[in-house]
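S.K.: Generate coordinates for the entire structure from the input sequences, incorporating the hints supplied.
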Amino acid sequence: MADAEGRIKEIIAKELSIEPAEITRESTMEDLKVESIDLVQIMFAIEEEFDIYLADEEVGFDIENVGQVIDAVNKLIASKTSSDAATSTADS
Amino acid sequence: MSASAAHILGEIAEALGAEVSGDGTITVDALVYPTMATSATDLAIIMDQGLVEAVANGPIRAAVVTRNIALPAGALDGHVRVDDPRNALAILLDIFDKPVHAPPGIHPSAVVDASAELGDAVSIGALAYVGPGAVIGRNTIVMPQVTVGAGARIGSDCLLHPGARVGERVILGDQVILQMNACIGADGFSYTTPGVPSFESAKWRLEETDARNLEIRRINSIGTVILGDDVEVGAGASIDRANIGATTIGDGTKIDDLVMIGHNNRIGGNCLMSGQVGISGSCVIGDRVVLAGGAGIADHVKIGDDAVVGAKSGVWRDVGDKALVAGYPALPKKQAIARELNIGRLDRLFRDLAKMKRRLAALEEKR
Numbered sequence: 827m828a829d830a831e832g833r834i835k836e837i838i839a840k841e842l843s844i845e846p847a848e849i850t851r852e853s854t855m856e857d858l859k860v861e862s863i864d865l866v867q868i869m870f871a872i873e874e875e876f877d878i879y880l881a882d883e884e885v886g887f888d889i890e891n892v893g894q895v896i897d898a899v900n901k902l903i904a905s906k907t908s909s910d911a912a913t914s915t916a917d918s
Numbered sequence: 025m026s027a028s029a030a031h032i033l034g035e036i037a038e039a040l041g042a043e044v045s046g047d048g049t050i051t052v053d054a055l056v057y058p059t060m061a062t063s064a065t066d067l068a069i070i071m072d073q074g075l076v077e078a079v080a081n082g083p084i085r086a087a088v089v090t091r092n093i094a095l096p097a098g099a100l101d102g103h104v105r106v107d108d109p110r111n112a113l114a115i116l117l118d119i120f121d122k123p124v125h126a127p128p129g130i131h132p133s134a135v136v137d138a139s140a141e142l143g144d145a146v147s148i149g150a151l152a153y154v155g156p157g158a159v160i161g162r163n164t165i166v167m168p169q170v171t172v173g174a175g176a177r178i179g180s181d182c183l184l185h186p187g188a189r190v191g192e193r194v195i196l197g198d199q200v201i202l203q204m205n206a207c208i209g210a211d212g213f214s215y216t217t218p219g220v221p222s223f224e225s226a227k228w229r230l231e232e233t234d235a236r237n238l239e240i241r242r243i244n245s246i247g248t249v250i251l252g253d254d255v256e257v258g259a260g261a262s263i264d265r266a267n268i269g270a271t272t273i274g275d276g277t278k279i280d281d282l283v284m285i286g287h288n289n290r291i292g293g294n295c296l297m298s299g300q301v302g303i304s305g306s307c308v309i310g311d312r313v314v315l316a317g318g319a320g321i322a323d324h325v326k327i328g329d330d331a332v333v334g335a336k337s338g339v340w341r342d343v344g345d346k347a348l349v350a351g352y353p354a355l356p357k358k359q360a361i362a363r364e365l366n367i368g369r370l371d372r373l374f375r376d377l378a379k380m381k382r383r384l385a386a387l388e389e390k391r
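Order-wise, the sequence lines are chains A and B.
For what it's worth, the working numbering labels the leading residue of the first sequence as 827, then goes sequentially.
For what it's worth, the working numbering labels the leading residue of the second sequence as 25, then goes sequentially.
Treat the hints as calculated values from the structure; they're not laboratory data.
Please read all numbers here as calculations on a predicted model, not as lab measurements.
Just so it is clear, CB atoms sit at the ideal spot from N, CA and C, and this is done for glycine as well.
Misleading hints may appear alongside valid ones.
[Claimed, not checked] Here are the in silico distance ranges between beta carbons for each label pair:
1. 390(B) to 840(A): 41 to 49 Å
2. 890(A) to 114(B): 28 to 36 Å
3. 847(A) to 32(B): 40 to 48 Å
4. 213(B) to 864(A): 33 to 41 Å
M.R.: Printed below as a string of structure tokens:
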């Protein structure tokens, strides 16, 4: 899952019709001209892609930059992997 | 583009508060987008990098260009850089305005009552009607087929486009613009029934109405409509008169096509209402409120100053000053967006829930 960053940038780029290269960790929602309704679509697409709920990491509509989203997604993926591992151990 | 009066690029730059790069003596007579240019006397307005190519290949010598757009060297003989393209467009379209055909005086086919008072340089177009006791201020243009009811008072420098209706006793401020077929001062939609009408009890009952709308009795509208100065009302929009008193619209408010404003509303100044907004009745709307396209406002609702109501919102409850609301029913924007996201999440949530139920059942079987 090292490439969550790349996939997130691709999702954001697709929703905003821009190039992934234009997005950095430091890009703010204002830099990217993200309107609220774009943010809904971006969050929804990220949740689908990684099978997570961003609300679990309290990622809301007040996020400042792309880096925050990437960190939250990585954290959610990590906790999902460990809990899946724990469940499969319990199942076996 | 049909050419209008000639202008010098240097003078246009001055009006824009900017300077010419290159030749300021170029004469231009039409304002165009680069792709529309047909003549060396066209002035292009370039607000998009994608349109620059058309400049290089076209006949254009002069342009007004947004600051951040890159121009190929030597593409133009003269150009003017601007920071705010919308503001520049407003100034340019004042310069290149095409005034309506409205010769001063009364067209022979118009009917103007002998007791109507017309100010200096008023123009009354063909087949227009001005009723008894109506007053029309100086320089106001009343285009063909407009009707101005008895006792209506219209300020100076107004422009009433063809087919606009100004009802009896309606009052318009100065510099008011009514677009085609705008209707100011129709009767309010106002009726009563014996006992509590179903539409009132529906506000608190949940199962059935206690409908007793056996007789629907008309409530007359003897009030009027008052529009402040610099109000603009779009084509086919309608503003109904009050039962008693007046439906009022404050100075500077702009109303788009097909907006419907019911009776007894009090609307502040400098508001913006986009197409198909509907305001039922007896609402109080503050100053500088923005109602985006298709927003609907229930009766007796108050909306605070500077509030922005998103497109297609359904506003059932009061909205505070500077509030941002969206959706149906309208909620504060943060909540409205969360609602949209959560609705989108439902599909995955149900799948997750089904997965968890299967796991739980399997675990219970094992015990």
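S.K.: Now tell me, hint by hint, if it's right for this structure.
M.R.: Okay, the hints, checked on the actual structure:
For the hinted restraint 41 to 49 Å between residue 390(B) and residue 840(A), the CB-CB distance of approximately 44 Å keeps it satisfied. For residue 890(A) and residue 114(B), the Cβ-Cβ distance of about 34 Å falls inside the hinted range of 28 to 36 Å, so the restraint holds. As the Cβ distance of residue 847(A) to residue 32(B) is approximately 44 Å, the hint placing it in 40 to 48 Å holds. For the hinted restraint 33 to 41 Å between residue 213(B) and residue 864(A), the CB-CB distance of approximately 39 Å keeps it satisfied.
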